[in-house]
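With the hints as extra help, turn the sequences into a complete structure.
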Amino acid sequence: DAKTTQPPSMDCAEGRAANLPCNHSTISGNEYVYWYRQIHSQGPQYIIHGLKNNETNEMASLIITEDRKSSTLILPHATLRDTAVYYCIVSPNQGGKLIFGQGTELSVKP
Amino acid sequence: DGGITQSPKYLFRKEGQNVTLSCEQNLNHDAMYWYRQDPGQGLRLIYYSQIVNDFQKGDIAEGYSVSREKKESFPLTVTSAQKNPTAFYLCASHRRENTEAFFGQGTRLTVV
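Chains as they are written, first to last, in the working numbering: chain C, 1 to 110; chain W, 1001 to 1112.
Do not take every clue at face value.
Simulated crosslink set (EDC-like; lysine to aspartate or glutamate; CA at most 16 angstroms straight-line) [as the list claims (entries may be wrong)]:
no.: 1; chain 1: C; residue 1: 97; chain 2: W; residue 2: 1030
no.: 2; chain 1: C; residue 1: 97; chain 2: W; residue 2: 1059
no.: 3; chain 1: C; residue 1: 97; chain 2: W; residue 2: 1100
no.: 4; chain 1: C; residue 1: 3; chain 2: W; residue 2: 1030
To spell it out: a stretch of chain C is covered by chain W in this simulated footprint if at least three of its residues, at any positions, have a beta carbon under 8 angstroms from a beta carbon of chain W; those stretches are [to be verified]:
no.: 5; region: 35-45
no.: 6; region: 97-109
Facing chain C, a subset of chain W residues (Cβ under 10 angstroms, in silico) [to be verified]:
no.: 7; residue: 1004
no.: 8; residue: 1042
no.: 9; residue: 1043
no.: 10; residue: 1058
no.: 11; residue: 1086
no.: 12; residue: 1088
no.: 13; residue: 1090
no.: 14; residue: 1092
no.: 15; residue: 1100
no.: 16; residue: 1108
no.: 17; residue: 1110
Just so you know, the hints here were simulated from the structure itself, not pulled from any lab data.
By construction, the Cβ of each residue, glycine as well, lies at the ideal position given by its N, Cα and C atoms.
Encoded structure:
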């Protein structure tokens, strides 16, 4: 079973920030938080990952709480092309299998 | 360009026939994976391979078989023993020391 809990769906207005939450209360010390997204009928795309510090790249920011039991993916200026299913996954850093949950279906609306 | 390629994109087979899905990568990645996705669901792991000539079962391996004779290739055979083979199949790869996984564009298999 997936080790994460995400809301099934969210809406966001185009140009606004999209904040996608994820609960991972049973995360262990060596597990990272990863985010992938899947646009309809395509393969998933890596977005970002982190251990305990906040991370930012050209696509998004990842905010991890101090106790590491939850995190938030932030898309700072959502566009229509960001409409996708977003998956939050916890996994050890040394490779390993990715266990996907149901994800959050984000709809960005004009 | 480097990447991971799955072929074909769409595949139709009659019930009772075995079918092999292709996955090739030129990223020099050690690890390769096969996932299955049903409508409205997340991905489920079928098989994975960390090195050539070695592979392990994932969560739903029954009715499937794989081989890893070359580093760049990881074909998946859907056998007649798989009860519900119609699904979207995704292949992925990554380096052992790099955690970013790259996915192919998938093969949509329909068994009639």
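Hint by hint, here is what the structure shows:
1. 97/C x 1030/W: 13 angstroms, holds
2. 97/C x 1059/W: 10 angstroms, holds
3. 97/C x 1100/W: 12 angstroms, holds
4. 3/C x 1030/W: Measuring from Cα to Cα gives roughly 26 angstroms; hence the hint is violated.
5. 35-45: Satisfied; 6 residues make the cut.
6. 97-109: Held - the region 97-109 of chain C has 7 residues with a Cβ nearer than 8 angstroms to chain W, which meets the minimum of three.
7. 1004: Nearest chain C Cβ about 8 angstroms off; hint holds.
8. 1042: Interface hint status for residue 1042/W: holds (4 angstroms vs cutoff 10 angstroms).
9. 1043: OK, holds: residue 1043/W within 10 angstroms of chain C, min 4 angstroms.
10. 1058: 7 angstroms, holds
11. 1086: 15 angstroms, violated
12. 1088: With Cβ-Cβ at 7 angstroms, under 10 angstroms, it holds.
13. 1090: 5 angstroms, holds
14. 1092: 8 angstroms, holds
15. 1100: Where the cut-off is 10 angstroms and the nearest Cβ of chain C is about 5 angstroms from residue 1100/W, the hint holds.
16. 1108: Since the shortest Cβ distance to chain C is 8 angstroms, the answer is holds.
17. 1110: 14 angstroms, violated
Consistency note: the structure conflicts with the earlier hints numbered 4, 11 and 17.
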